[in-house]
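If you're matching them up, the sequences are chains U and Z in order. Here the first sequence stands for residues 1 to 661, where the numbers follow UniProt numbering. Here the second sequence stands for residues 1 to 661, where the numbers follow UniProt numbering.
Treat the hints as calculated values from the structure; they're not laboratory data. Certain hints may be false.
Identical chains share a label here; the pair holds if one copy fits it or two copies do between them.
EDC-like, lysine to aspartate or glutamate: derived pairs with alpha carbons at most 16 Å apart [as the list claims (entries may be wrong)]:
#1 Lys-354 x Glu-585
#2 Lys-454 x Glu-606
#3 Lys-354 x Asp-586
#4 Lys-594 x Glu-550
#5 Lys-451 x Glu-606
#6 Lys-38 x Glu-542
#7 Lys-270 x Asp-470
#8 Lys-215 x Asp-108
#9 Lys-451 x Asp-612
#10 Lys-308 x Glu-550
#11 Lys-454 x Asp-612
#12 Lys-654 x Glu-560
#13 Lys-615 x Asp-586
Below are the chains, spelled out letter by letter.
2 protein chains.
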Amino acid sequence: MVGMPVVDVPETPVAAAAPRVPVPQARPFLHILSAHLKETFFPDDPFRAVAREDGHGRRAVAALRYLFPCLEWLPCYTLRALRSDLIAGVTVASLAVPQGISYAKLADLPPIMGLYSSFVPALVYAVMGSSRDLAVGTTAVGSLLFPALLGKEAPPAENPELYMHLAFTATFFAGVFQAGLGILRLGFVVDFLSQAAIVGFMGGAATVVCLQQLKGLLGLQHFTRATDVVAVMRAVFSQTHHWRWESLVLGCCCLIFLLMTRFFSKRRPKFFWVSAAAPLASLIVGSVLVYLIHGQNHGIEVIGNLKKGVNPSSAKSLILSPPHMMVALKTGIITGLIGLAEGIAVGRSFAMSKNYHVHNNKEMVAFGLANIVGSCTSCYLTTGPFSRSAVNVNAGCKTAMSNAVMAVAVAVTLLFLTPLFHYTPLVVLSAIIISAMLGVFDFPAAVRLWKVDKLDFCACLGAYLGVVLDNIGIGLSIAVGISVVRILLFVARPRTTALGKMPNSTMYRRMDQYAMAESVPGVLVLQVDAPIFFANASYLRERISRWINEEEERIKATGEQSLQCVVLDMGAVAGIDTSGTKLIEDLSKSLHMKNIQIALANPGSEVMKKLDMSKVLMRIDDEWIFQKVGDACDYALLNLFPLLLYSRIKWLIKEILKKSG
Amino acid sequence: MVGMPVVDVPETPVAAAAPRVPVPQARPFLHILSAHLKETFFPDDPFRAVAREDGHGRRAVAALRYLFPCLEWLPCYTLRALRSDLIAGVTVASLAVPQGISYAKLADLPPIMGLYSSFVPALVYAVMGSSRDLAVGTTAVGSLLFPALLGKEAPPAENPELYMHLAFTATFFAGVFQAGLGILRLGFVVDFLSQAAIVGFMGGAATVVCLQQLKGLLGLQHFTRATDVVAVMRAVFSQTHHWRWESLVLGCCCLIFLLMTRFFSKRRPKFFWVSAAAPLASLIVGSVLVYLIHGQNHGIEVIGNLKKGVNPSSAKSLILSPPHMMVALKTGIITGLIGLAEGIAVGRSFAMSKNYHVHNNKEMVAFGLANIVGSCTSCYLTTGPFSRSAVNVNAGCKTAMSNAVMAVAVAVTLLFLTPLFHYTPLVVLSAIIISAMLGVFDFPAAVRLWKVDKLDFCACLGAYLGVVLDNIGIGLSIAVGISVVRILLFVARPRTTALGKMPNSTMYRRMDQYAMAESVPGVLVLQVDAPIFFANASYLRERISRWINEEEERIKATGEQSLQCVVLDMGAVAGIDTSGTKLIEDLSKSLHMKNIQIALANPGSEVMKKLDMSKVLMRIDDEWIFQKVGDACDYALLNLFPLLLYSRIKWLIKEILKKSG
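Please model the complete structure; the sequences and the hints are all you need to start from.
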C-alpha cells in the first residue's frame with residue numbers, strides 16, 4: 001500500500017462545519033403578495049406618515065397633508081418666505097408672458113391662450129404640487145406636438161375652431177392620463193424612457209422648433225407644414241425673394257440681445273434677473289419701435305388684438321364623442337407622457353440639488369389636475385418647463401407660492417395690460433423661442449453619453465435624427481423603441497463570469513477583472529449577475545454550458561486536473577421563476593451525467609424557497625449549498641478528489657513557494 | 001485630557017492595506033462593440049468549430065457541416081442506426097396519417113393537405129434540423145389559428161379557394177419570418193414568451209380544439225364560428241334534436257379505445273407502439289365498419305374522395321400583393337412565432353434529456369425553410385409537435401433520418417393508399433384530435449406553477465381564460481402582455497437588502513435571510529441586486545433614500561450611534577448606464593450634505609470604468625472603494641469614529657461576552 005495516496009481524508013473542521021443555507025419558512029401567499037404589491041406600487045411608503053400618528057383626527061390631518069402638499073408649508077409660512085416668493089413669482093411672470101404668447105403661436109393657437117395657461121394651472125399646482133421649485137407653464141416641445149398630431153384631423157389654418165376644441169380635449173385627456181397614472185401609482189412608466197433617448201428627442205424637437213422660427217425671422221407668408229430639415233430648408237430657400245430685411249434685422253438684433261444677456265447671466269449668476277427680464281424688455285422695446293415706425297406697414301407682422309379678461313370657460317368645447325375624440329385621445333396620451341417626463345425630471349433635479357424629495361406619483365396627480373382644470377378654462381398642455389423653473393430657482397423661490405404669485409401677475413396682465421401687446425412684432429417672439437430653445441439642447445449631456453456609453457449615445461443620436469430628418473412621431477417611436485430594446489437586451493443577456501481565488505484571502509473575485517485571481521484546479525466557479533427567469537433562462541443555459549465546454553477543452557489541452565465540480569455563485573441572483581428552477585434542475589442533471597458535482601454558493605432566501613418548492617433542492621442535496629464560494633471550493637476539494645490529492649498538494653506547494661518568493 | 005477618548009487611532013495594518021479596486025484599462029470602442037454583439041447574437045459561438053480547423057478546404061467542410069447538420073451524422077451513419085430510424089419513422093407515419101387528416105379538417109383545409117404537410121417539410125428538416133428527436137408535422141393549435149385569423153378575410157365555407165391560397169401565403173410568411181429570425185440570430189425573441197403564459201395559452205387552445213370536436217362527435221351540420229366556451233355550448237345545446245346517436249356512439253367508442261391505449265402505454269413504456277398505432281387502428285376499424293354498415297347513410301359523415309399523388313406545386317397560389325397579403329402576413333408572423341415556441345421547446349427538452357445541444361437559431365432556419373418550401377408544395381404550417389416527437393423518441397429514433405423515413409411512408413400512402421380513406425368517418429378524426437389534445441393540457445406544470453410561484457400561475461390562468469372565454473387572439477395578447485409586464489417589473493423593481501455581519505466571520509449577508517447577521521453600528525450596508533440603468537435608477541434612488549431615512553429614524557428611537565457611512569455592495573451590479581452613474585453621483589452629493597460618507601464595495605470592472613469616465617469616481621474618492629464589504633466597514637469604523645470610539649469598544653465587549661456566554 002506504500003506509495004498510494006491516502007484515500008480517506010479526514011474532513012478539516014472548517015469544511016465540515018461550514019454552515020449551510022437555511023430554507024426560509026413558508027409565509028402565507030397574501031403576505032408575500034402584499035409585500036410585492038407594496039414594493040411595486042408604493043416604494044415610497046406613503047402611509048407611514050399617516051400610520052405614525054395617533055387618533056383619528058391627527059390621522060385625517062396627516063392624510064390631508066399628504067394629499068395637499070401646500071398644507072405642509074402653509075402653516076409655517078413666514079413673511080420672509082413670502083418676500084422671496086413674491087420676487088421669484090414676479091420675475092417668472094415677466095418671462096412667462098412673452099414665452100406664453102410665443103409658444104401659443106408655435107402651437108397654432110390664439111396667443112392669449114399662452115397667458116391663460118400660465119394662470120389657472122399654476123394655481124392648481126401651487127396647491128397640489130410637491131416641488132418647491134417648479135414653475136408651471138407651457139413648453140415648446142408640447143406646443144410643437146399639437147399641430148403635428150392634430151393638424152391632419154383639423155388644419156389650424158382652415159378650421160381654427162375645431163383645432164382649438166381638439167387642443168382642449170387633448171389637454172383634458174393628457175390630464176386624465178397623468179392623474180390616472182399617479183392615482184394608480186404607475187409613475188414608473190416614465191422611467192422606461194431612457195435618459196439618452198430623451199436628450200436626443202428634446203434636442204431634435206428644439207432643432208425643429210428653431211427651424212420653424214425661420215418663417216417669423218424672415219417674415220415669410222407661406223411656409224411648409226412639414227417639420228423635417230429638408231422640407232424647411234427647401235421652403236426657405238425657394239422663396240428668397242420674399243425675405244423681408246426689416247423683419248430679419250429686428251429679429252437678429254433681438255436674438256443677439258437675448259443671447260448676450262443669457263451669456264452674461266451665466267457668467268455672473270447674481271445677475272440672473274438680467275436674462276429673466278430680457279424677453280419682456282425686448283418685447284416692450286420691439287413693440288414701442290414698431291408702434292413708432294409703423295412697422296406693420298413695412299413687413300413686420302404684429303400680434304394684433306388680444307381679448308381683455310381672465311380665462312373664459314371652455315368646458316363645453318371638449319369633444320367627448322367619436323370620430324374626433326380618438327385623435328385627441330392619442331395626442332393627449334403622447335403629449336401627457338412627454339410633459340410628465342420633462343416636468344418630473346426637472347422637479348427631481350432641483351429637489352436633488354436642494355436635498356428634499358419629490359414624489360413622482362404626487363407630481364403626476366398635480367400635473368394631471370392642473371391640465372384637467374386647465375382644459376376647462378381655455379388652457380392647453382402645461383408642465384414644469386426647465387427654463388422657467390431655473391429662473392424661479394435663481395430668483396430665490398422658497399415654496400410653490402411663487403407659482404401663485406406668478407399666476408396673479410399674469411392675471412393682472414390679462415385684465416389690464418393686453419392692449420399693450422397689440423404692436424408686439426411676431427419676429428421678437430421668434431427670437432425669444434430660439435433663445436429659449438438653445439437652452440434645451442443638452443450638448444454636455446450628449447458629450448457625456450459619448451464618453452461614458454457609446455450605445456447610449458447611439459440611442460440619443462437615433463432619436464435626434466428621427467425627429468430632425470423625418471417627423472416628431474417617428475423620433476418619439478425611435479426613442480421609445482430604443483429604450484425598450486435596451487431594457488430587453490439588459491434582461492436577455494445577463495453577465496456570467498468565472499471567479500478565481502484572490503491570493504492571501506478567502507475571497508473569490510472575477511478573473512477578467514483581477515489578474516491575480518487564480519482558478520482552482522478541477523473547480524469552475526461561475527457568478528450569475530441577474531435574476532434567472534424565462535427571458536434569460538435559455539441564454540444562461542447555453543452560456544453556462546459553453547463555460548463548461550471551454551473549461552473542459554482548456555483542461556484537455558493543458559492536461560490539468562479534470563473538472564470535478566461547478567460552483568454557481570448565486571449571491572447576485574435576486575429572484576428565480578419556474579423557468580429558472582428548471583434551468584438549475586436541467587444543469588444538475590446534465591452535469592450529473594458527466595460525473596460533475598454542482599454546488600450553489602450564497603443563494604438568497606427567495607431562491608432557496610423556490611428551489612425547495614420545485615424539489616430542485618432535493619436533487620442538488622443540502623450538503624452542496626454553501627454560504628460562501630470559498631467553503632464550496634474547499635468542500636469540493638476535500639470530498640471529490642481523495643484519489644487525486646496529490647495534485648492538490650502540488651498546487652498548495654506552488655502557492656507556498658509563490659508566497660515566499 | 002484624561003478621560004477623553006483617543007482621537008487619532010492608528011490604522012490597523014488590515015484596514016490600511018486593504019487593496020482597492022483598480023480601474024480597468026480603456027479598450028477601443030470597436031473591441032467593446034464586437035464583444036457586445038458577439039455576446040448578444042452569437043452566445044453559442046458558432047464560428048469556433050470553423051476557426052479551429054486548419055486550411056481552407058477543412059474550414060469549408062466545417063462551415064458546410066455547420067449549415068447542414070445532416071453532414072454531421074451522415075458520414076458515420078450505421079446500419080444499426082438505420083434500423084432504429086426505420087422502425088421509428090414507420091411508427092410515426094402511422095400516427096402522422098390520421099393526425100394530419102384530422103388537423104387539416106380542423107384548419108378547414110382539404111384533408112389531403114395534412115398528408116402533404118408530413119412529406120416535404122419533413123424531408124427539408126431531415127437535412128437542416130439539428131435535433132435528433134423532433135418529428136415534423138402540423139399542430140392542432142397552429143391549425144386552429146388559421147381559420148381564426150384568416151376566416152374573416154376569406155370564410156373557408158364560402159370561398160375555399162381564396163382561403164387555401166391565403167393559408168399557403170401565411171405559411172410562406174411564417175417560414176420567411178422564422179428563417180429571418182434565425183439568420184439574423186434573433187432566436188431570443190422566443191424567450192420573451194414566459195413558460196407560464198405558454199402553458200396557459202396551450203391549455204386554452206387545447207380546450208377550444210376539444211370543444212370544436214363536439215360538432216363531429218354529435219354529428220351536427222351547423223355550428224358556430226366562435227371559439228369561446230359560451231358560444232360553443234349554446235350552439236351544442238340549442239340543437240339537441242339534431243344530435244346523431246350513431247355518430248356519438250362510434251366517437252365515444254373510439255375515444256375510449258384511444259384513451260385506454262394511452263393509459264396502457266404510459267404504464268408500460270415498452271408498449272409505446274400500442275398508443276402510437278391506435279389512431280391508425282381506429283381509423284381502419286372505423287372505415288371498415290362504416291363501409292360495411294353504409295354508415296354514411298346513417299348520419300355518419302365520411303371524408304370522401306382523396307386525390308392520389310404527392311404534393312402538387314402551389315408556388316403560383318401565393319398572394320404577394322395587397323389587400324389580401326396583409327392578413328396573411330399577420331397570420332404568418334403570429335403562427336410562425338407560436339410554431340417556433342412549440343418546436344424549439346420540444347426539441348430542447350428532448351435534447352436536454354439525451355444530453356446533446358440544439359441550437360435555437362439553426363432550428364429556426366430549419367423550420368423556416370421547411371415552411372417556405374412547404375408553402376410552395378401545397379403544405380401548411382408545420383413545426384415539431386410534442387405528441388409526434390414523443391412517439392418518435394419512444395420508438396427509438398437515432399437521427400433526423402426518421403423524419404425522412406416518415407416522409408417516404410407518407411408519400412407511399414399518398415401514391416397508393418388514399419382510396420382507402422374514402423369511408424373514414426369524421427367522428428373518428430374528432431376522437432383522435434381530442435385524445436391528442438388531452439396530452440397538451442399540462443396539468444402538472446400548472447400545479448407546479450401554483451406551488452412555486454403564484455404570480456406565474458396567475459399569468460397562466462389569465463392566458464387560459466383569455467383563450468377559453470374570448471378568443472385565441474385575446475388569449476395570445478394576454479399571454480404576451482403578461483410576459484412583458486413581468487419583464488418590466490423584474491427590471492423596474494430590483495431588490496435592495498441590508499447586509500449584516502455574520503458572527504465569527506468576515507462575511508456580510510442579508511439580514512432578512514440570516515437572523516444571526518448583525519448590523520454594524522453607524523454603518524448601513526446595502527446590496528443592490530441588478531444592473532443600475534434608466535429603468536430602475538429612479539426607483540433605486542427612492543428606495544435607498546428610504547433605507548437611509550428608516551435607519552436614521554431607528555437610530556433616533558434607540559439612541560444608538562448615528563449613521564456615519566453607507567456602504568453599497570456593488571458585487572451584483574452587472575452594468576451601469578449614464579442614469580446609473582448619475583444616481584451614484586446624486587446619492588454621494590446628498591449623503592455628503594448630511595455628513596455621511598459613501599463607500600462602494602466590490603464594483604465590477606464595467607462599473608468602475610463607467611464611474612471613472614463619468615467623473616463620479618473622483619467625487620467618491622478612490623479611498624472609499626473596496627474589494628470587500630468587510631474592508632469597507634472596518635475602514636469606516638476606524639476613520640469616521642475616532643471621537644466615538646467608545647461605542648465601538650462597548651459593541652466589541654458585547655460581542656466578546658456573547659461569544660463566551
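- Message: I'd like to know which numbered hints this structure contradicts. Please list them from smallest to largest.
- Response: Hints 7, 10 contradicted; others consistent.
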